[in-house]
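Now for the letters of each chain:
Protein chains: 6
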Amino acid sequence: MAGIVVQNIERAAAAVIAGLAAAGVATVHEAQGRIGLLASRLRPIFPGARIAGSAVTISAPPGDNWMLHVAIEQLQPGDVLVLAPTSPCEDGYFGDLLATSAQARGCAGLVIDAGVRDVRDLQAMNFPVWSRAVFAQGTIKATLGSVNVPIVCAGAAIDAGDVIVADDDGVCVVRRADAPSVLAEAQAREAREVAKQARLAAGELGLDIYDMRGTLAARGLKYV
Amino acid sequence: MAGIVVQNIERAAAAVIAGLAAAGVATVHEAQGRIGLLASRLRPIFPGARIAGSAVTISAPPGDNWMLHVAIEQLQPGDVLVLAPTSPCEDGYFGDLLATSAQARGCAGLVIDAGVRDVRDLQAMNFPVWSRAVFAQGTIKATLGSVNVPIVCAGAAIDAGDVIVADDDGVCVVRRADAPSVLAEAQAREAREVAKQARLAAGELGLDIYDMRGTLAARGLKYV
Amino acid sequence: MAGIVVQNIERAAAAVIAGLAAAGVATVHEAQGRIGLLASRLRPIFPGARIAGSAVTISAPPGDNWMLHVAIEQLQPGDVLVLAPTSPCEDGYFGDLLATSAQARGCAGLVIDAGVRDVRDLQAMNFPVWSRAVFAQGTIKATLGSVNVPIVCAGAAIDAGDVIVADDDGVCVVRRADAPSVLAEAQAREAREVAKQARLAAGELGLDIYDMRGTLAARGLKYV
Amino acid sequence: MAGIVVQNIERAAAAVIAGLAAAGVATVHEAQGRIGLLASRLRPIFPGARIAGSAVTISAPPGDNWMLHVAIEQLQPGDVLVLAPTSPCEDGYFGDLLATSAQARGCAGLVIDAGVRDVRDLQAMNFPVWSRAVFAQGTIKATLGSVNVPIVCAGAAIDAGDVIVADDDGVCVVRRADAPSVLAEAQAREAREVAKQARLAAGELGLDIYDMRGTLAARGLKYV
Amino acid sequence: MAGIVVQNIERAAAAVIAGLAAAGVATVHEAQGRIGLLASRLRPIFPGARIAGSAVTISAPPGDNWMLHVAIEQLQPGDVLVLAPTSPCEDGYFGDLLATSAQARGCAGLVIDAGVRDVRDLQAMNFPVWSRAVFAQGTIKATLGSVNVPIVCAGAAIDAGDVIVADDDGVCVVRRADAPSVLAEAQAREAREVAKQARLAAGELGLDIYDMRGTLAARGLKYV
Amino acid sequence: MAGIVVQNIERAAAAVIAGLAAAGVATVHEAQGRIGLLASRLRPIFPGARIAGSAVTISAPPGDNWMLHVAIEQLQPGDVLVLAPTSPCEDGYFGDLLATSAQARGCAGLVIDAGVRDVRDLQAMNFPVWSRAVFAQGTIKATLGSVNVPIVCAGAAIDAGDVIVADDDGVCVVRRADAPSVLAEAQAREAREVAKQARLAAGELGLDIYDMRGTLAARGLKYV
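Residue numbers (our numbering), protein chains in the order written: chain A, 1 to 224; chain B, 225 to 448; chain C, 449 to 672; chain D, 673 to 896; chain E, 897 to 1120; chain F, 1121 to 1344.
Looking at chain A on its own, in the form it has when it is part of the complex (with noise of 0.2 angstroms):
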């Protein structure tokens, strides 16, 4: 089944991605109905970047990169690449010489569920990365795998061209054909937000913002 690089992806419109990358991850996921979380073993190899950008997907072999150079290719300004490998593997998939290639093509970052090195470099190159590990490790090139095909990374289903939001919290991943009305239930959740924030820095409780205590206590909660 390996073997195949599709070429032409569609992405969502970049006013979507933008408002999603301003979102970010946690207003996001609630704003789709708390699905689309990649698995917490993704980590940032460095606080502070927040993205959002459309996938370009990657499945390959364990230990082998050679689909990242294939994948670099077809990056349009503004993408992500997402890569899963077919084994669990912890290997260094990705360093300052890829980073190098995909931030000239205009990538906005790296999700893998493997590894990455070179961690320094790519933090002073300001190129994000959410990876399970870091690691050195060497991988090779001899084995095909596939590009912009559909692949689960790290827990979560992700077709070319859908939108992937990460940030400090972690990644999520919003359909493509979803992205427009997740950005719009997102602002509106925003938007709701403003106001309670306010109220609860203001010394009021969730309990009566929320009107919580006549359920709790419908529910039997004792107070001793």
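Watch out, some of these pointers could steer you wrong.
Below are the DSS-like pairs computed for lysine-lysine, each with C-alpha atoms no more than 30 angstroms apart in a straight line [unchecked claim]:
1) E/LYS1118 - D/LYS868
2) C/LYS589 - E/LYS1037
3) E/LYS1037 - B/LYS446
4) D/LYS813 - E/LYS1037
5) B/LYS365 - E/LYS1118
6) D/LYS813 - A/LYS222
7) B/LYS365 - A/LYS196
8) F/LYS1316 - E/LYS1037
Derived from the structure by calculation, the hints contain no laboratory data.
Given chain A, work out where chains B, C, D, E and F should sit, using these hints.
This is chains B, C, D, E and F only, laid out in the frame that chain A set:
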């Protein structure tokens, strides 16, 4: 058994709590006979925080953060929220809204054997958290837990009002009744270490300062 | 078998060690044929450190840091302490007092397949550590281990006097006898990469620079 | 997005399913190009079971087994229940009562990326389960999930009606549409292996049967 | 704090203990409100054992099994040894000699959040153990711990004399004072389940037996 | 560095190897000073096997089992295959075909810090394996490794010709040169234990047999 909120808990004296914060986790742990550490899976979401406070304990169902709202009402300034799920869970129970609310009540921080989210906001607010995961997974509000009952959090037994000490080394609990004597021993220990540190910095060896050479030889250590 | 301290170990030349530090873990690992990495569970306690030094090895019982005192006496300026427990352990073997002592002897850092504590102090002292855990759990001084004997640390076989290279990517060991040739190959590799990096930064593709298109086609890669 | 039950799903032919069960996980996985394995954390609760069946998929909240009751109504004889929690969870979703109910409907077994309990009873009933944990932790019935929607279970994407193959080696999914061709390839593969197995049993070497000596020499393998 | 042996502990009535053993872990856990489970990392070293007994608790240093000898003297027939190391450890604290000694005193089994060894001998002796690891790593006898003090074992708080219930599903603790009422509830629960099991076995659905259809519809479950 | 096959290795005497198998892992580990255990993550794929044999070592790339074919040619009757991947990997390197081939050459078993598959067949053939995973994931034959070179397997350094002892407790390595003396000590140890076991079985306490009461009192143990 769930569904209880204990409203009036006793706390250690503020000066004792402040002293324990200054001493830090490693010293306090040693001073009380090497007990009370929470498991190393609890890590700070940002470096540099050093706190101590009285535990407001929360026993919560997996994936259900309802009791956090209940617990926040029980906070007094300087308290620390301590949440243990009733079965293993890494969902994100706590984010910027709850942190805003807790901070408005004077909460010093959160210790949670589960996940948190909005970690960039929490750092911007300087609201410290020690958690087992950063994970945006949302939680529900459907099932009762309890507040200020005895819990086991990350392997340590904690009663409401016990003193929680947390810093970059992790988290330690001091029984409320023991807090004054533990502080005294911690401060004595620190005083003893000042002199030793100066001698070690001058190049003197622990082998000599602690007079270990004879014991080592008696045990059979051989230099070759 | 325990209870041995080897006093006079051979070390690689200082210039070679310095060169390996400058090359860094990923390059050194590649330069010596992709061997010698320690497991990815060893992580730096603070970012940014880059060191290399001759290994002073320690085989220590679980939860017993006595041999660290013995090892510190064996340090020469620039050496790196490398500790492997004889059974898996994450206790905090090492903190600010031992770091003060080691630093006074010129120690460049610690690599430990166990825990450390006082990490804020260690960072303030700029004493780098790569460890599997940060954990304040205290240790005892009751049982002999050995110093400067062959050990296996985090999955890598290490002899006293081997060169340890450590940075944000992790830790790598270079056999003492191989150090000069590995350095030469690492520097050659870096030289080769400079040109490639410039071409990649200019937007040229790895597919072309490394002439991969033919091979990929021959293996059956299909663009659709 | 939760709260959907798809009632009429298509299934592969019974003879195809039976053939895949007989071929077993390792052969089926190879026959379809080394894809479709669920993560190795799923293990059988007792040895010796070999099943295949059409997936009735369940997406369930953490710690909430309500949807299992809903799913059981959708079972047809020979089907396999496949449950993925929406966030990581090892609670015991399934025990003897649910197994009795499922077995009464002809269910062939359960694949669950969470926990089960009453495992002694399940073995006595000969109801096979592949799970990530054995854990008695009870679950609630408070929140909707979905049945027969696409899920990701233990890292594999599964649609309702896909064929699940499970034995002592783990669990593999075969896309419904691919099942006949995968079976054909699996049987061809088994036929090819019979002859090889006989030659290997007679002491002939894989090096010779597969004619590897030349390739190994060409790659530079040296005998010393 | 270590160095204490509490000699006279109270125990639950033998009939109550026997009743809890017969009910088993899952039922007992449910009967007492879904509390008291030890973490799922504790697994039986061989299948089929079902025991209950009064806890003789042991707090032991990492890699030091001295206190097991002390604890064995405190055993009365039917008791269960429960060992928690003071820091995480998987060394083999217990093997055939200690099992022989414990069995000679009437010990019903061992629950240990660490390792054991000689597991083939233990199975031949029919001495059941629930442990986090099987590991031959030897331990020393150098440092005091305590016997029959409160401990936290695999995440559960246990006092000496509490009732330990263990079977293939894992381990559960019942507070000594609660044991009679928990048994009564467990037996009532089992009685209730007999009828349900018969109905389920006859093919009736949980959806109907538990009258769930209305609630599901009210929550918005849609059949498509 | 890869690409080497060492053809003539020295082996320990058959009688010594047989004696070590009879002594078993726990006794051998103790007899050689508590060294040489492989990590507890290696578990037998079926219970009851007890073997010892000379190590034919394999260093293999991740996900590539080519070198197993090469290694099988180097087997002599009674040898044990020992495979360490060059980076962490749980793919299924070994199944029924390779086992047939290895068994035809007299191989006593396999120790592998990776995965295996066809475990039901392997049990039927009575071919014992100690592995870190059971996983059907297929491997490729594309990259050279080495045979009979020094390796680190599951944390233990192993040279070709060292004696591997494996049973239900795990795996231990004995240096070839040490094998006769380790066997002698193991047998002496077993002889000493026979008498102790009889006294313990008769109800005598370890506290008395090992004369511990005085030491415990001197250390401060208090009975209350």
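The hints, checked one at a time:
Proposed proximity of E/LYS1118 and D/LYS868 is contradicted: the alpha carbons are some 53 angstroms apart, above 30 angstroms. Only pairs whose Cα atoms come within 30 angstroms are accepted, and C/LYS589 paired with E/LYS1037 is accepted, the gap being roughly 13 angstroms. Simply put, E/LYS1037 and B/LYS446 have alpha-carbon atoms about 22 angstroms apart, close enough for the 30 angstroms limit, and the pair holds. Straight-line distance between C-alpha atoms of D/LYS813 and E/LYS1037 comes to about 50 angstroms, which puts the hinted pair past the 30 angstroms bound.
Distance restraint check for B/LYS365 and E/LYS1118: the Cα-Cα separation of roughly 22 angstroms lies within the 30 angstroms cut-off, and the hinted pair is therefore satisfied. For the proposed pair D/LYS813 and A/LYS222, the alpha carbon gap of about 22 angstroms is at most 30 angstroms, so the pair holds. For the given pair, B/LYS365 sits about 17 angstroms from A/LYS196 by alpha-carbon distance, which is consistent with the 30 angstroms threshold. For the given pair, F/LYS1316 sits about 17 angstroms from E/LYS1037 by alpha-carbon distance, which is consistent with the 30 angstroms threshold.
In summary, the structure is inconsistent with hints 1, 4 from the numbered list given earlier, while agreeing with the others.
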